[in-house]
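Engineer: Now for the letters of each chain:
Number of protein chains: 4
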Amino acid sequence: MIRVLVWNEGEHERMDASVQAIYPDGMHAVIADGLREHLGDEVEVRTATLRDPEHGLSEEVLAATDVLLWWGHMAHDGVDDAVVERVHRHVLSGMGILVLHSAHFSKIFIRLMGTTCSLAWRNDGEQELVWTVAPGHPIAAGIEQPLRIDRQEMYGEFFDVPAPDELVFVSSFAGGEVFRSGMTYRRGRGRVFYFSPGDQEYPVYHHPQIRRVLANGVRWAHPGESARELPTVTNPPRTHA
Amino acid sequence: MIRVLVWNEGEHERMDASVQAIYPDGMHAVIADGLREHLGDEVEVRTATLRDPEHGLSEEVLAATDVLLWWGHMAHDGVDDAVVERVHRHVLSGMGILVLHSAHFSKIFIRLMGTTCSLAWRNDGEQELVWTVAPGHPIAAGIEQPLRIDRQEMYGEFFDVPAPDELVFVSSFAGGEVFRSGMTYRRGRGRVFYFSPGDQEYPVYHHPQIRRVLANGVRWAHPGESARELPTVTNPPRTHA
Amino acid sequence: MIRVLVWNEGEHERMDASVQAIYPDGMHAVIADGLREHLGDEVEVRTATLRDPEHGLSEEVLAATDVLLWWGHMAHDGVDDAVVERVHRHVLSGMGILVLHSAHFSKIFIRLMGTTCSLAWRNDGEQELVWTVAPGHPIAAGIEQPLRIDRQEMYGEFFDVPAPDELVFVSSFAGGEVFRSGMTYRRGRGRVFYFSPGDQEYPVYHHPQIRRVLANGVRWAHPGESARELPTVTNPPRTHA
Amino acid sequence: MIRVLVWNEGEHERMDASVQAIYPDGMHAVIADGLREHLGDEVEVRTATLRDPEHGLSEEVLAATDVLLWWGHMAHDGVDDAVVERVHRHVLSGMGILVLHSAHFSKIFIRLMGTTCSLAWRNDGEQELVWTVAPGHPIAAGIEQPLRIDRQEMYGEFFDVPAPDELVFVSSFAGGEVFRSGMTYRRGRGRVFYFSPGDQEYPVYHHPQIRRVLANGVRWAHPGESARELPTVTNPPRTHA
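Protein chains in written order, with the UniProt record's numbering: chain A, 1 to 241; chain B, 1 to 241; chain C, 1 to 241; chain D, 1 to 241.
No false leads were mixed into what you were given.
Once the Cα atoms are required to be at most 20 Å apart in a straight line, the calculated SDA-like pairs of lysine to any residue come out as:
no.: 1; chain 1: B; residue 1: K107; chain 2: C; residue 2: L230
no.: 2; chain 1: B; residue 1: K107; chain 2: B; residue 2: E54
no.: 3; chain 1: D; residue 1: K107; chain 2: A; residue 2: T232
no.: 4; chain 1: D; residue 1: K107; chain 2: A; residue 2: R111
Residues from chain C shown here face chain B by an in silico Cβ test under 7 Å; the list is partial:
no.: 5; residue: L92
no.: 6; residue: M113
no.: 7; residue: G114
no.: 8; residue: G176
no.: 9; residue: R187
no.: 10; residue: G188
no.: 11; residue: T232
no.: 12; residue: N235
no.: 13; residue: H240
Worth flagging that the hints you see were computed from the coordinates, not collected in a lab.
Heads up, the beta-carbon is just placed ideally off N, CA and C, and yes, glycines get one too.
Turn these sequences into a full structure, and let the hints steer you where they fit.
Structural biologist: Written out as structure tokens, the structure reads:
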């Protein structure tokens, strides 16, 4: 059983009628449904948003989370630094995390990457094609070549992040730009998957193939039997006799 | 259900009493038992050796194998080139492969790596310590820090292989040498795990933690739901409308 | 002084008037001029082609070459296996190599990669945009974002090569495809740079920015003060006292 | 001309007679001499320490620095956060940085890595052997296999840092531990080299081969002709016509 928590800022849904129309119960609800649809009994999925107490990310909740999904955009600064610190500690201890779309600018992602995480963007609702460049990777299992998204915001290079441990997807846009849209990283004992499709203005999380990618990502990021433990300094005796 | 095939050259067991004493039914039998012990119903494990017809590696057998383990040493040249070609094709098509110890000089590994695969060695039966450098990696799940092997052949750097996709283990030896002893590679659609402990003169495959590493490796190399298909040239029409 | 050898199959120039029109003295001549233009006294550039004795790749010539560039397409099979073996040995010993465009299917590249090196292609003379994804890499120095090629053959994913040590460029095409168009690998002691732009039917090697990439690549692949030596097996005494 | 700045905390030299005996003018002076010795006219080397105004790391100084070396240990917390922010910005903009020994716990390295940067240690003045695992890498040029340090502090795995872009050196210690002692990273437009030998209690920076590694590292980290520019968000028009 993988214990999943889908975290969504949840502000656009309160303010923008266009977003409410696509995601009446919030993006988190649709993302959670997609995971249940694909993973069934393999997962237990909960959700939390910015306005929950402690943003719904208390020590207890995180300690009971195997994989966290994070969507944020307009309210990155509203996330409490103490909570970011806590999430960071849990990721390094072994909790998996999926960082979605505009969460490239979330405090937690910038903290994990150590770079500016800046990129090029343009919102013309143009076609995005998501190409698999690592077809044997478990996150790409069952994904079409290419995965087509009819209307999406463009995210383009240079994306200022460290070279990924594994590059899984590369996107192109109708305007000619490219973007490393699916990348994995190990940080501490935890696994990180960044996946860029998913703007609030388009129904991307209703897309069957996008839901499959997220389900694959949850399985991949699951720490499994690895111990949950923050790496710390030790001062051991000699190991050779 | 993961369909595993443990391939062992099987020549030392015929010729060397000291090896027979440790592995009376062959190293493959002990390796297979270790996998069954850890993975139980999750696997179906068969074995094959050099002297079997087609080395036990017919097209039918390979097509029904999810993960192949390969041990060889004194008879690398005795492996038929057509069989090597066939195994290579299956790995690129998605079959997982675990390459063990002296199989660094097997035809299939050299073919997959593209380098000389040479290394430094010394056989003094000295202590090897296997250190995990990627503690969140599934292949390291449940492995002690360090894993101790009382007596082993020394394999040392420079090991002439490509930089791995993931470095999981690094070993030190009593004589002071180091070796990148656990490394993963993706080739085509297939996953490759090289793991160096396991000389025929020492009972390494009876070691509970070594058996755990191999079991973890089989799980990791399993292609899962990914399609089994050789990458080929295509000449597609435009993808954008 | 970097001693460079530009090797070109040279067959299209003999047979196709359209190629002769673009490259009257052969692609190798234009590539060599581009290197001299950018690197001046830093390089000594020679050329060789398939029909030269030993393809112009004798032991003596290779031993006096720091960086080899390789262009081939229609006559990959015409390259003698013994010469491929020799080039392979020199690369693993430390000679740099730049593999260009359709040389993805050359014997030497397949040998170095260990995979099929297959890809998707379509020749519609469409626009290629080459995006830098590693802006601090020396091979990207001075390159525009994006580098535009008005007319090129499309090369698309999945490109069946190992994940590169460094991904420098990613291209998009007017038809919507993407391609990892600039990748570096270390093999043995040698450095390998694959760069995909450069079809014989378009004047790509006359493009000032493409010439700059190749010049940067030659500098990067230069072994410098590293010893020229094939990795071999050694059997050393204990290193610790 | 590479403009180098050697930064050293400089506190041990003030307080510990044993350190003064080895480094009477500070570790920075000896490190700087080693660079001048190997690189001569290729470099201009300055030094700065914690107690200098702004720690000697003003905007003007950093803007005129191509490669920064950083040694710190007992006073990491004494480094002003605004200065760390400034150094971070310059690294992402293209300034190279060499992070030495106990600076694994410096604010700037933790910021760049995004992990705890914790490790195992033991100070018994035991032998360290530094093995090259990437013999064609420019940082390994001219380095013996192995490089021997008679007496050093032990640093061991697990070292909680991201998997490096390139692993150049792996050390073993008399006590049996291993450590990834030479690693490169690209962050933003800048190049980062972490090199672990160099405890203040032993004369490591007087060691001719260690000085050669640092000189090689400075050359490698030099941004060369790449532009000095912080990656930022852009909102470009379509790139395809």
